[in-house]
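A.B. asks: Single-letter residue listing:
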Amino acid sequence: MSKRRIGLAVATASFAWGLAAGVAHATDISFWTWRQEDKAAYNELFADFTKENPDIHVKFESFPDENYPTIVSTALAAGKGGDVIHTHAYGWLEQFVKAGYFEPQDLKTVPSLANQPADALIAGTYRADKKVYSLPFASQTLGLFINKDVFAKAGLTPPTTWDEFITVSKALKEKGIYPLANGMGTSWFNEMFVAIFTNPFLGQDFVTDLTSGKTTFKDPRYVAALGKLLELRDYMPDGFEGIDYDTAGQLFISGKAAMLAGGSFDIASYRSQNPSINMDFVAPPVAKAGDVPQVTKFFDGGYAVNAKSANKEAALKLVNWMGTKEFGDKFSALLGNISPIKGVVIKDELLSHVAKLNETAMPHINVVYFRFEKPTGSELLQGDITKMMSGSITPDQLAADLTDGLAKWYKPFQGK
Amino acid sequence: MNSGRRHITKAFPWRRSLWIAALLTPALIVMVLFVLWPLLSAFRLAFYEFNGLQPTGFIGFENFRKVLFEQPYSGWTWNAFKHNIIAFVALMVFENGTAFLLAYALLKALPGHRIHQVIVFLPVVLSAVIVGFLWKLFLHPLFGLVNQTLALVGIGAIPWLGNEHTALGSILFANVWHWLGFPTLVLLAGMQRVGKEVIEAARLDGAGDYVLMTRIIWPLIAPSVTIVTILTFIGSFNWFEIPYVMAGLTGSPGGATDVLGLYFYRTAFGSTTTGIQDFGQGSALAVMMFIIVAGVTAIALRFLRRREIEL
Chain A
1 MSKRRIGLAV ATASFAWGLA AGVAHATDIS FWTWRQEDKA AYNELFADFT KENPDIHVKF
61 ESFPDENYPT IVSTALAAGK GGDVIHTHAY GWLEQFVKAG YFEPQDLKTV PSLANQPADA
121 LIAGTYRADK KVYSLPFASQ TLGLFINKDV FAKAGLTPPT TWDEFITVSK ALKEKGIYPL
181 ANGMGTSWFN EMFVAIFTNP FLGQDFVTDL TSGKTTFKDP RYVAALGKLL ELRDYMPDGF
241 EGIDYDTAGQ LFISGKAAML AGGSFDIASY RSQNPSINMD FVAPPVAKAG DVPQVTKFFD
301 GGYAVNAKSA NKEAALKLVN WMGTKEFGDK FSALLGNISP IKGVVIKDEL LSHVAKLNET
361 AMPHINVVYF RFEKPTGSEL LQGDITKMMS GSITPDQLAA DLTDGLAKWY KPFQGK
Chain B
1 MNSGRRHITK AFPWRRSLWI AALLTPALIV MVLFVLWPLL SAFRLAFYEF NGLQPTGFIG
61 FENFRKVLFE QPYSGWTWNA FKHNIIAFVA LMVFENGTAF LLAYALLKAL PGHRIHQVIV
121 FLPVVLSAVI VGFLWKLFLH PLFGLVNQTL ALVGIGAIPW LGNEHTALGS ILFANVWHWL
181 GFPTLVLLAG MQRVGKEVIE AARLDGAGDY VLMTRIIWPL IAPSVTIVTI LTFIGSFNWF
241 EIPYVMAGLT GSPGGATDVL GLYFYRTAFG STTTGIQDFG QGSALAVMMF IIVAGVTAIA
301 LRFLRRREIE L
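Taken in sequence, the protein lines are chains A and B. Counting in the numbering used here, the first sequence runs without a single skipped number right up to 416 at its last residue. Counting in the numbering used here, the second sequence runs without a single skipped number right up to 311 at its last residue.
Possibly wrong hints are sitting among the right ones.
Simulated pairs of lysine-lysine, BS3-like, Cα-Cα distance not exceeding 30 Å [as the list claims (entries may be wrong)]:
{"no.": "1", "chain 1": "B", "residue 1": "K108", "chain 2": "A", "residue 2": "K408"}
{"no.": "2", "chain 1": "B", "residue 1": "K66", "chain 2": "A", "residue 2": "K416"}
{"no.": "3", "chain 1": "A", "residue 1": "K387", "chain 2": "B", "residue 2": "K82"}
{"no.": "4", "chain 1": "A", "residue 1": "K325", "chain 2": "A", "residue 2": "K59"}
{"no.": "5", "chain 1": "A", "residue 1": "K408", "chain 2": "B", "residue 2": "K82"}
Note that these hints are calculated values from the structure, not bench results.
Could you put the whole structure together from the sequences, leaning on the hints where they help?
C.D. replies: Written out as structure tokens, the structure reads:
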């Protein structure tokens with residue numbers, strides 16, 4: 001073998017060694033989520049991240065929504081689980097933090113936390129140590145979907161006040177159109193349904209009084225707002241007690257119903273199911289003309305780092321990147337969600353309108369304040385609301401059940 | 001050959017024991033790992049308080065006290081328990097009662113009985129999830145087959161699964177449709193074991209169908225009835241899949257379809273939309289369910305076996 005050939009062989013071997021070493025140094029991290037439907041978008045986002053961080057590859061792994069808490073908690077208890085975990089917010093997150101499963105995030109490890117507004121950070125903060133454990137990823141807005149074509153065909157204008165809502169609904173019903181598509185067949189949405197229609201009657205003052213311990217859910221304002229829900233029954237589809245949220249969505253996008261109480265999280269899905277739909281998303285009816293329009297807002301969750309991750313540094317790097325404006329812009333564009341990151345540009349007209357509505361939004365009271373201990377406000381309300389809507393209990397009874405149940409752990413309600 | 005084996009067994013008794021142990025070990029490992037250990041874990045966790053997802057301290061019977069006597073948990077427990085009892089009684093009457101009549105009809109080997117036997121048994125091979133989903137569609141208030149059919153005779157949309165008075169019955173109906181074939185087959189097998197000469201003798205003595213069923217067949221198939229009763233009881237108290245698919249984890253509407261299986265699951269493992277997990281209270285519920293099922297099954301077996309002899 002000539003010297004030249006030997007030299008070539010050595011060079012080739014060195015190159016191969018170098019390649020192998022490069023591969024060996026690449027870090028593979030996993031991202032766990034319940035959002036199977038977002039796989040393509042996340043993979044695109046992760047590809048952008050890998051372009052900037054060629055040594056880190058992110059694997060998207062999704063699990064069924066309903067079993068997600070079980071899967072995540074059992075995996076984390078066994079010291080396994082994804083490196084970055086998509087979490088829900090508030091009380092859901094807190095139980096994982098209490099168990100020590102997530103890594104705290106601060107401006108040193110995740111500088112992009114500085115891009116988050118204060119109300120978003122609360123959703124990912126553990127109340128006891130005031131540390132952030134999950135970088136907020138999206139705010140969700142609850143309000144009223146309007147099928148503009150149905151309204152135009154019926155010669156009606158979408159309502160803004162409660163009285164207008166009733167008048168318009170009567171007119172729609174006479175024309176054989178379901179005014180409101182919703183039913184009571186989906187427990188988790190029933191709670192949102194309550195928030196959507198009661199919040200404009202409650203107002204921020206009620207929230208302040210409730211959270212400062214000045215009042216409880218037995219407050220006449222809350223009972224009266226619940227009473228308003230009973231008026232809606234006449235304008236919901238036949239057999240509404242058994243109609244689930246998916247069916248309601250179908251009634252709305254097919255034009256069989258004119259309005260749907262729903263969440264901004266469904267905008268993208270409704271568009272993809274019916275690309276020709278001409279819809280709007282507005283604030284639910286207020287008590288009287290001139291009142292501030294109030295949608296309901298909450299933060300859906302965030303991105304947490306597994307405390308037992310073998311690749312903590314890479315995981316924190318990814319989470320930090322997910323808090324940047326670059327990520328937020330593309331995230332909002334791809335997924336039709338409103339990123340809480342400051343300065344994010346929302347190009348979609350409807351989504352941008354929703355973001356504007358958020359400026360005067362009310363919090364989703366149960367989710368933001370009453371899901372931290374058992375029994376949660378959610379399980380109490382979800383259990384009782386169908387009974388109230390079917391007439392077997394009164395708004396007073398619901399309000400009392402909710403208050404008394406929460407009083408087990410929420411001190412300001414005790415003895416009231 | 002046999003004497004040779006006996007000789008080896010006598011000469012090397014340890015070899016036989018070793019052989020038996022080797023045969024039993026795999027099954028024993030599986031039982032210990034996947035039955036006994038989780039069971040003992042649940043017993044242990046039932047006595048612990050959970051703060052977050054980790055046990056924080058031994059609290060004795062506190063979890064049991066809460067789920068049995070402290071509102072709102074106790075209300076939920078007794079509500080779910082009541083529905084399990086209703087399920088057992090309803091399944092005994094409607095599922096097993098119909099199964100008995102069907103088995104008797106199949107026993108008579110009327111024309112087409114073979115195809116009927118297959119039809120009756122067919123739903124049993126389907127997954128409970130599929131059956132639940134199918135019946136959820138059939139019972140849909142607006143588009144479901146049942147309401148569409150009723151609409152033909154002028155009956156308006158009935159929210160079968162949304163009305164607290166019809167929801168449990170609807171789910172039980174789906175369950176009967178799913179499982180009817182199983183007790184039918186067990187009872188038919190029992191009836192086929194009754195000697196033909198016994199039935200012919202009764203016929204010669206002038207016994208009609210009613211007398212034959214109640215005086216001859218019913219007492220003679222007592223062992224099959226015991227099996228069916230015990231399995232129905234266990235099934236009723238472990239009922240989960242069909243209520244879960246048709247009514248969701250919260251036993252909607254308003255807990256009208258809640259059963260102990262659902263209540264245990266959402267207490268122990270939580271739900272994305274209702275809140276937090278509590279393995280302590282969940283384990284207490286699981287332990288109680290185990291005690292109810294094992295205890296009642298043991299007592300019922302003794303009673304039913306004695307009844308078999310008396311009959």
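A.B. asks: Each of the hints needs a verdict: does it hold here or not?
C.D. replies: So, going through the hints one by one against the coordinates:
Using a Cα cut-off of 30 Å, the hinted pair K108 (chain B) and K408 (chain A) is violated, with the two alpha carbons roughly 62 Å apart. Between the alpha carbons of K66 (chain B) and K416 (chain A) the distance comes to roughly 21 Å, so the proposed pair stays at or under 30 Å and holds. At most 30 Å may separate the alpha-carbon atoms for a hinted pair to count; K387 (chain A) and K82 (chain B) meet this at roughly 18 Å. In summary, the hint linking K325 (chain A) to K59 (chain A) is supported, as the alpha carbons are separated by about 22 Å, within the 30 Å threshold.
Restraint check for K408 (chain A) and K82 (chain B): the C-alpha separation of about 25 Å stays at or below 30 Å, so the hint holds.
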